[in-house]
Amino acid sequence: MSKVGITSYGLTKFSKDDSKIESVLLQSTKKLFDASPNLSRNDIDAVLVSTNNNSKYLSAVLSEMSGIEPKIAHSVESLCNSGTNAIVSAYSYISAGLADVVLVCGAERYDSPGQILEWDNSRGEFKHPIFWASIFTKAYKREFSITDDDLAIVPVKNHKQSMNNPNALSEKTYSLDEVINSKKLTDDLRLHDCSRPCTGGASILLASENVCKKYTDTPIWISGIGQKTTSAGFTKNIAFSSMESSRIAATSAFQMSKRNVRDIDVAEVHDAFSVCEPMALESIGFTDKGKGMNLIKELYATNNFKINPRGGLIGAGHPLGATGIAQTIEITQQLQSSADKRQVNNAKIGLVHNMSAASTSSTVLVLER
Amino acid sequence: MNFDTELENGNFIVAECKHCQKIVWPPSDFCNKCFRDVSWRKGVHEGKIIEFSKKNDSYFCLIEIEKSIRLIGKLSRGIPIEGQQVKIEKCGIENKNYSFEISLL
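Those protein sequences? They're chains A and B, same order as listed. Be aware that the first sequence starts at 140, since it is given in the working numbering, and climbs by one per residue. Be aware that the second sequence starts at 464, since it is given in the working numbering, and climbs by one per residue.
Bound-form chain A, shown alone:
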């Protein structure tokens, strides 16, 4: 099977701008083309758009606005992990020989309809994400004797790291006290525990092994893919203090890449809320169950950017359809040693963890130089 590489990318600044979705898509695509002098519009076999926006036919719209006439053009929607789902679709087209070059473009507006899963009536009237996050947090705290104060280090760390990310929504750092004393949304969740929906776009170009060299001397290879959807409904989670779909996805990704968690130098994990970061680290296997906060505290104390160098969702912002692609771009930059002040020394192998709908669905990617 031919290898699939990441050759180019483009990102917009994440903001609260009231921009049209088509405009956000085009902005990041333009940046990708600006950074890819050898890329011709005729090279692109497929255009995939990742978004939860209700506008229709956006891949054809983006193609027309970009002057591309692809063979394959369609949208991919899977709530918060739409982005990595689109990347996996692009990988599949290339692996199957249906395409050599695929443009994947994710975009979202701050008012995305993807924030609430209307179908999940088992949540009753409690459909806003803060309610599942509160249940997760309560369960995690009780099972592992973790306090709200312990969890506050997650946003402190991630906002701090996002200060080195020029595209991040966050514009300031927060102290532990500021997080702890931020507005209480529920008994178990404070304002600064939450990632924020925003407007943002992220584009990435995938190409087959033989074609990659036309665009870059330093392609980043997708060596492992793992995906799992355990249900659509939050209440079907088998546990509320761990992420079963993430555990399974990570196992599959490591198996495919013939790597293990100890090989990973840098990772983006889906910290939609503070508690998600330790839960993700544990479910992927970076630490034992209940020990995720120890690792996070150690990373923060040593100014080690290994986990969520761009600031994660909490620091960078969470434009749903763009998030998984922005995470993948971050790991690409890290492995290409082009992450500037966020750079993790000598990063050779990286991991992306992107999930949706209260961790009922997860994607894990392993990327390598």
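Worth flagging that the hints you see were computed from the coordinates, not collected in a lab. Where a beta carbon is used, it is the ideal one built from N, C-alpha and C, also for glycine. There's no promise every hint is true.
[What the hints assert, rightly or not] Label-pair restraints from in silico Cβ distances:
| hint | chain 1 | residue 1 | chain 2 | residue 2 | range |
| --- | --- | --- | --- | --- | --- |
| 1 | A | ILE377 | B | ILE556 | 21 to 31 Å |
| 2 | A | MET302 | B | MET464 | 53 to 63 Å |
| 3 | A | HIS213 | B | ASN558 | 44 to 54 Å |
| 4 | B | ASP500 | A | MET140 | 49 to 59 Å |
Based on these hints, arrange chain B on the given structure of chain A.
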């Protein structure tokens, strides 16, 4: 029978597959194991608290009924404890959402 219509009238019913001898939740016309038609029956109202939290002055609880059905409802009064027995006191549809009011037993 239709789950939404019954719920709108304040009745909690359950979809059951006689062939697989299992409850189908969330409610559906077909069994998610064998695709046969489900049967409808009056739902058991008693269950236990799996997890809970509180927004403003109101507790919301994730409860489990008949070891199969999990839903989130609002606690009418009292202070919940994990594992505590509860019952659905009132149910319906409000603003297009299922609504469950639960009380401690």
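Outcome of the hint check:
1. ILE377(A) / ILE556(B): 21 to 31 Å: At roughly 28 Å between Cβ atoms, ILE556(B) and ILE377(A) fall inside 21 to 31 Å, so the hint holds.
2. MET302(A) / MET464(B): 53 to 63 Å: 58 Å, holds
3. HIS213(A) / ASN558(B): 44 to 54 Å: 33 Å, violated
4. ASP500(B) / MET140(A): 49 to 59 Å: Roughly 44 Å apart at Cβ, these two residues miss the hinted range, so it is violated.
The structure fails hints 3, 4 (numbered hints given earlier, in ascending order).
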